[in-house]
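Visitor: The primary structure of each chain is shown beneath.
Protein chains: 2
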Amino acid sequence: MKLRLLGTGNAAQVPVYNCDCTACQRAKAITTYRRGPCSALIECGEQRWLIDSGLTDLAERFPAGSLNGIFQTHYHADHVQGLLHLRWGKGNRLPVLGPQDNEGFADLYRHPGILDFSRQLKPGEIIELGDMQVVALPLIHSKPTLGYLFCAQGKHIAYLTDTVGLPASTITKLKQHPLDLVVLDCSFPPCSDTPRNHNDLNLALETLDHLQPQRSVLTHIGHDFDCWLMQAGNNLPEHVEIGWDNSVYDIN
Amino acid sequence: MKLRLLGTGNAAQVPVYNCDCTACQRAKAITTYRRGPCSALIECGEQRWLIDSGLTDLAERFPAGSLNGIFQTHYHADHVQGLLHLRWGKGNRLPVLGPQDNEGFADLYRHPGILDFSRQLKPGEIIELGDMQVVALPLIHSKPTLGYLFCAQGKHIAYLTDTVGLPASTITKLKQHPLDLVVLDCSFPPCSDTPRNHNDLNLALETLDHLQPQRSVLTHIGHDFDCWLMQAGNNLPEHVEIGWDNSVYDIN
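The listed protein sequences derive, respectively, from chains A and B. Read in order, the letters of the first sequence are residues -17 to 234 in this note's numbering. Read in order, the letters of the second sequence are residues -17 to 234 in this note's numbering.
It cannot be assumed that every hint is accurate.
Since the list can't tell identical chains apart, any single copy or any two copies may satisfy a pair.
What the hints assert, rightly or not - For lysine-lysine, the following DSS-like pairs were computed, each having C-alpha atoms within a straight-line distance of at most 27 Å:
no., residue 1, residue 2
1, K10, K72
2, K104, K10
3, K125, K10
4, K125, K72
5, K(-16), K155
6, K157, K72
7, K10, K(-16)
8, K155, K10
9, K137, K10
10, K155, K125
11, K137, K72
12, K72, K104
Honestly, the hints are just simulated from the structure, not real lab data. Bear in mind that the values here come from a model prediction, so they are computed numbers and not experimental data.
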């Protein structure tokens, strides 16, 4: 399995519009430090699935036939806005698998175009895609949200955002497997108060302690966390990495 | 006054995703034939206002301070989707003037960030902006929609999309002025049936006959209309032009 992070930013992205903090200045000067809408691509054999669709240039990035479908974690704008345009394409319908959410986003359910939203996943549901198995795992967020565990050839990748902590049931399910890679929401630097809707670094590290993955990557990063990292230097535990747009994780 | 068309496409844009019609092939091969989300920029003295916000790279195009605000014609995705990201910026609030629409788009009213949606315009309302006067004119569409008449130094520009025909009251108001430039919705080639929500070429030309502007530009163009134009050659009346992204109209 191969996972490519396409975007590692929070809703505001990095640089934040009209922000002059050190992280935003750096991202304006050096494009590799930019963070786009949080999303990824998972590939396994013939299977090629987008995880979240917040990038607004999906039509250019993914010519027709290059994707089997889309896993939506949830229907907040920064995770789904790219579908507003993609839906008006031609040809075969593209499956969008996501949580049970009666609202979805804007008028996407009412006017789906080429998108097929008919398959809403139950928590714990298992989807078989060629040699890959995908498990839908409930997360804790302000809208119905699913993380995904991708399993193939005895390897396991968990993609867990947006979330603040994890439900006990999800931790239990994840601990049944050796986790080769966990990609986890960490939007904020360490906070004194319990954060809302997203992990701060404290809660992210605590969650990773529960899961004990081989390798951990933080994503959905806000500019405040980038600033904190620039000041603090890299004092993260050895197995924990900061995610960057276009990083590729080859797990074989 | 100076009007720049930033986008001249319909919701699907040109090229349409996964379409091989002659217009879409041309737009893929030669980028000047591409059509982005329908929008424009009106400038007069110190005033610089965006008309619709469907472009998804507004943060890059318009650094903070470069816009006085935004006139929304209405709240369909292709006319407003760029605000989903722009709102999370820093600094002064950016006024978004638009029609009285309780829904708006997605969660923009609930989480406006730096955007100020407080001023909803009544049909016929007049806004004074420096030396420029702007009149809000009701249009006929599937959501509350306003066209705008921009007046300065005895010159008049009307921007009228999305609409199918025009309300009698709007025609009456527009005919009170000599119209130097009319930019008008023309999404479809000539249709045998009365079109829905948008003008076809027949209805657009009929509307322009009522208004008798000095110069007319068609916008919100779909790929079928582009195909038709490629086949038909330019048989439009002399004062009627096809709009293209980045065309500038200097009306002095």
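Visitor: Hints numbered earlier in the text: which of these fail when held up against the supplied structure?
Guide: Violated hints: 2, 3, 6, 7, 8, 9, 11, 12; rest satisfied.
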